[in-house]
Amino acid sequence: MNKMAHLVSLAMLLAGAACHDLERSRQVDNPAVAGKTIALQVCSNCHGATGVSVSPMFPKLAGQRKEYLVDQLTDFKLHTRADPNAKRYMWGFTHLTDAQIDELATYFSSQSTTLGDIGDLALIGAGKAIFESGLPDKGVSACIGCHGQHGEGVERFPRLAGQHADYVVKQLRIFRETDTRPRGTVMKEVCANMSEHDMRAVAAYVEAFPPEADASASPPEDR
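Residues -20 to -1, 1 to 203 in mature numbering (1 follows the signal peptide of the UniProt record, and there is no 0) are what the sequence shown spells out, letter by letter.
To be clear, the hints were calculated from the coordinates, so they are not data collected in a lab. Please read all numbers here as calculations on a predicted model, not as lab measurements. We treat Cβ as the ideally placed atom computed from N, Cα and C, and that holds for glycine. Just to be clear, a hint being listed does not mean it is correct.
Ranges of calculated distance between the beta carbons of each label pair, as one might list FRET restraints [stated by the list, open to error]:
hint, residue 1, residue 2, range
1, SER24, ALA79, 17 to 23 Å
2, SER175, ILE98, 20 to 26 Å
3, LYS67, ASP9, 15 to 21 Å
Full structure from sequences and hints, please.
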């Protein structure tokens, strides 16, 4: 095992151990604790203090759209987002107040974004074509319409630029194969006819997005 693989494995082990005990965290249960404090003392175990997670098991939150974060935290709180990792790591946030959710979303959305890894160039090229134009012969819509020209996200649609490719693939599978995402109607339709290669291509492309992804959000295209 090389050094990087060892570090990633160690980070996943520590993060998993920390997140699994969220239900017992006094910070999560205390309505007087500021959202930033929760971010630094609890969320940082999995997502990093500045929202840049090491392990692809946990998404990067830095620079994520605030509206999207509020929606997801609310779904975790209400237990309406029910994919396996949501249950294991996030359902302990039952006692978050609306104010804490807003503060958490504000904190992570204001953190500086980071670039992702650049992988197989042929796969990235295939992903770019799907992201920009979709797969008309399969009835798959272009990603750009909801996620922005540079993957920066639009309104309640999340930022994808720089996100861990493995995490993106996992979420696409969840949308395609389950009904555990309460806001996933659009994505379930998009993913229905995507192959594993299609999903990996899109994920590789969004992870490799250039700095232009920090441009102000572009409006969704008319459909």
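Hints versus structure:
1. Evaluation of the 17 to 23 Å hint for SER24 and ALA79 yields a pass: the beta carbon distance comes to about 20 Å.
2. For SER175 and ILE98, the Cβ-Cβ distance of about 23 Å falls inside the hinted range of 20 to 26 Å, so the restraint holds.
3. Distance hint for LYS67 and ASP9: a CB-CB separation of about 18 Å, consistent with the stated range 15 to 21 Å.
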